[in-house]
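Participant: Here the structure of chain A is known, so what remains is to put chain B in place on it, guided by the hints.
Protein sequence lines correspond, in order, to chains A and B. Under the working numbering, the first residue of the first sequence carries the number 1, and numbering increases by one thereafter. Under the working numbering, the first residue of the second sequence carries the number 1, and numbering increases by one thereafter.
Please note that a few of the clues may not be correct.
[What the hints assert, rightly or not] Derived BS3-like pairs: lysine-lysine, alpha-carbon spacing no greater than 27 Å straight-line: (1) A:K252 / B:K184; (2) B:K242 / A:K103; (3) A:K171 / B:K252; (4) B:K66 / A:K103; (5) B:K259 / A:K149; (6) A:K149 / B:K242; (7) B:K270 / A:K112; (8) B:K252 / A:K112; (9) A:K17 / B:K389; (10) A:K149 / B:K245; (11) B:K124 / B:K54; (12) B:K245 / A:K103; (13) A:K171 / B:K242; (14) B:K66 / A:K211; (15) B:K13 / A:K406; (16) A:K103 / B:K68; (17) B:K252 / A:K145; (18) A:K149 / B:K252; (19) A:K103 / B:K54; (20) B:K252 / A:K103; (21) A:K103 / B:K270; (22) A:K112 / B:K82; (23) B:K259 / A:K112; (24) B:K14 / A:K406; (25) B:K181 / A:K69; (26) B:K259 / A:K103; (27) B:K245 / A:K112.
To be clear, the hints were calculated from the coordinates, so they are not data collected in a lab. Only a predicted model underlies this, so the values are computations on that prediction, with no experimental measurement involved.
So the chains spell out like this:
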Amino acid sequence: MLKNYIKIAWKVLLRRKFFTFISLFGISFTLMILMVATAMIDHVTGSHTPETHLDRTLFINFIKMTGKKQGSMMNTTPSYYYLTHYVKTLKTPEKISISSVFKGVNSYVNNKRLSLDLKYTDAEFWEILEFKFLEGKPFNRQDLKNANKVAVITRHTRDQYFGAGVSAVGKYLVADGIRYQVCGVVEDVPISRFNSYAHLWVPVSTANINKADTGLPGDYNGIILAKSASDIPEIQAEYQHIVKQIKVPDPKNYDTFSSYAEGILEGMFVRQVFGDRYTGESGMGKFIAFVTLIVFLFMLMPTINLININVSRILERSSEIGVRKAFGASSRTLIGQFLVENIFLTLLGGFLGFLLSALALQLISNSGIIPYAQLTLNWRVFGIGIGLSLLFGLLSGVIPAYKMSKLQAVEALKGGNL
Amino acid sequence: MIRHLFTLIWNRKKNNFLMITEIFFSFIVLFGVLSLAFYYIDNYNKPLGYQHDKVWVMTLRWNQEKPKEVKEIQGRLQQQLKSNPEVEGVALVSSNVPYTMQQMSGDFHHNNRRTQSDFFQVDKDFAAIMQLKIKDGRWFNDQDQNSKFNSIVITQSLRDAVFKEEPVIGKVVAGMSGDDKNPKNKIIGVVEAYKQKGEYSEDKPGFFEYKYLENAADSTWVPFNSVLIRVKPGVTSAFEEKLMKQASQVAKGWTLEIKSMNEMRISQNKLALIPLIVFSVVCGFLIINVALGLFGVLWYNISRRISEIGLRRAIGAASGQVYRQFIGEVLVLATFGILFGMVVAAQFPLLQVFGVQTGVYIAALGSAVVIIYALAAGCAAYPSLQAAKIAPATALHEE
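Just chain A, same shape as in the assembly:
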């Protein structure tokens, strides 16, 4: 039966090639744009090297102080002091790393400036994140203890500073007026990976940190690795317990202190944009509603278009419907047939959409809009795409199929109006 329906669908597709082209164009381009958007989001928040264990990694990127009465708010990255005193003491996590927000520094080769982003990290940083080492290795606890001036650099930095492909380990590089010995070279990291991105990483013990400064705001980040994904709620609870005990440093202006250990999507993006100013509400619900609305509105137009075309196409086949009705086909059978046809068409469009999006992602990756980003279609994105295609097929198939099934046999045979 299904085979027959698909055969019929194929014949119908070939009959009016222009309509088929319009339908396929609509589906495939809509899907392409949605897929590119999903790939972008996945690129920023999904598990990719070096952040490979995102299912059990938490980030502490912000501390927030608010004063409801004064309407004041301060949302900033925490200080080294805060992270060592309040975060490092957590008991449940497997590993905790402290690294700085990257800062731009200058370096000169042959009278040419090289603008580099530098990040101070500890030894745990290299254990939690899995960088792809092209040569050498990361610096270790001993380097950190001795405050050795060593650096891990990216492939791009190496190619610019020492020449393309030239081995750099053991050589010296001057950045920010300081001479570092290169101990490792890693694959480039895209800037969208805020927590791991840099052009060169150096031991945090070489940074000028004022030991006497006990202020909470600063420019450091914490990365926490849990033993397993199921430990995450426990770590978050332990962290909240600590956060509750922290006294607000400036009680005249602020009355509440808050900070969260969260994943990238929730902590870095959703909470910053949609989160509630005063309560601990992360805004995830608002975010999901917002995204759903956008996707729905975006898909609405191609869907209306498809409905329009499907109505026309089905009318064209009214005599066929009339005959089938006269021979006793029930409305349900007919709806079934047209839904199958439509889903077949949508999946075909979906397939074309995948090819198009692969092409588009390739173009975006090569254009260098996002430095060092390689956008790829992965299975998660593929699954979302298939789901959307089916939703599409149902949305645009149900209405015409329903209308058609209500036609009386006689009227249908006469070529009646819907």
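Facilitator: Frame of chain A, contents of chain B only:
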């Protein structure tokens, strides 16, 4: 004729409903994207207010020095940089220099009027380095150091927003403190414009606050995070390394970064245009989609009405009349969609949703109407031509 067409479409509103909805949505999308485009064009055509060519920006990050020591080093740094023959001038400024993401802003009060305003902390050399155009009054000079007031220079857009037609030079106002009884800021000049975020951004209200290193009053903090260096024509980036070496000898252990403002401008403008490019691509795709759909449906509808056309032709309608009728029908259809769209779109200028100038919305509205009509007429042209070509005999024969 036109009334007749309206009745015709209205009578078949159930059939035409989906097409009208489609036109309605494309109108809204088009209106949105065009508003953004016109907003950018409008901003781009207004004066920038400064010259970014030949200006280099050095950012300073110090370590644990006390404010007094930092200022002392900054003073020596300024002297050292100035002493190079390649350098035309040096100015110390706060971190929110043009083409950065940095922003400092607050509420600017005067009597009952207030507006959100940016502020920039600069020294007396800033105007010469950035080549600001003074419209009224004067720029800061040494006599401001002895003033008991806090000298400020405002931008024309701040003057328009808060002072309207009032004379402003010499006026003492509350400014950011909001303390109307004890105002401390004295306006000494007005500059033409200052678009800190670059060509495509709005000329937001803003003012410059005079700061100098020797000021004992702000001994607890340092107002300057950057140095602007204007180099003489013909100086290339090879000079940078020498400059950096000098600077790091004066400011030992500081993190110094140098960039040319031109470079910063290129990357900032690229960033500013990304939303417009993304929206245009998405909008373009939706419009093509709608156009194809419209075309297909019209074509199909006309082929269904062959007998009607044949009859009309048989009783004497010229083919031009048939052609005009079909085009007319589609335009009426588009009119319905546009009317609904207008109702929604008109809310933006009426409610001042994004605080954008009404002129931008009107231009976007007008262009969207023209584009939708052109699109509808274009899609209808070929099917209508087919309809007009139908010979009465063939059509009636088919029936």
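Participant: All the hints need checking, so say for each whether the structure fits it.
Facilitator: Comparing the hints with the structure gives:
1. A:K252 / B:K184: holds, 24 Å
2. B:K242 / A:K103: Cα-Cα ~22 Å, so holds.
3. A:K171 / B:K252: OK: K171 of chain A and K252 of chain B at ~24 Å, within 27 Å.
4. B:K66 / A:K103: This hinted pair holds, its Cα atoms lying about 22 Å apart.
5. B:K259 / A:K149: At roughly 25 Å apart (the allowed maximum being 27 Å), K149 of chain A and K259 of chain B satisfy the hint.
6. A:K149 / B:K242: holds, 24 Å
7. B:K270 / A:K112: Distance of about 23 Å is within 27 Å: holds.
8. B:K252 / A:K112: holds, 22 Å
9. A:K17 / B:K389: holds, 23 Å
10. A:K149 / B:K245: With a Cα-Cα distance of about 20 Å, the restraint between K149 of chain A and K245 of chain B holds, given a limit of 27 Å.
11. B:K124 / B:K54: holds, 19 Å
12. B:K245 / A:K103: Distance of about 19 Å is within 27 Å: holds.
13. A:K171 / B:K242: holds, 23 Å
14. B:K66 / A:K211: holds, 15 Å
15. B:K13 / A:K406: The hint holds at about 20 Å.
16. A:K103 / B:K68: holds, 25 Å
17. B:K252 / A:K145: holds, 24 Å
18. A:K149 / B:K252: Given that 27 Å is the threshold and the Cα spacing comes to 17 Å, the pair holds.
19. A:K103 / B:K54: holds, 24 Å
20. B:K252 / A:K103: Roughly 18 Å between the alpha carbons, so the hint for K252 of chain B and K103 of chain A holds.
21. A:K103 / B:K270: Roughly 21 Å separates the two Cα atoms, so the pair holds.
22. A:K112 / B:K82: Within the cut-off at roughly 22 Å; holds.
23. B:K259 / A:K112: The hint holds at about 12 Å.
24. B:K14 / A:K406: Holds, because 16 Å separates the two Cα atoms, which is no more than 27 Å.
25. B:K181 / A:K69: Satisfied, since the Cα-Cα distance of roughly 24 Å is no more than 27 Å.
26. B:K259 / A:K103: holds, 14 Å
27. B:K245 / A:K112: Holds. K245 of chain B to K112 of chain A sits at ~14 Å (cutoff 27 Å).
Hint check: no violations occur; every hint is consistent with the structure.
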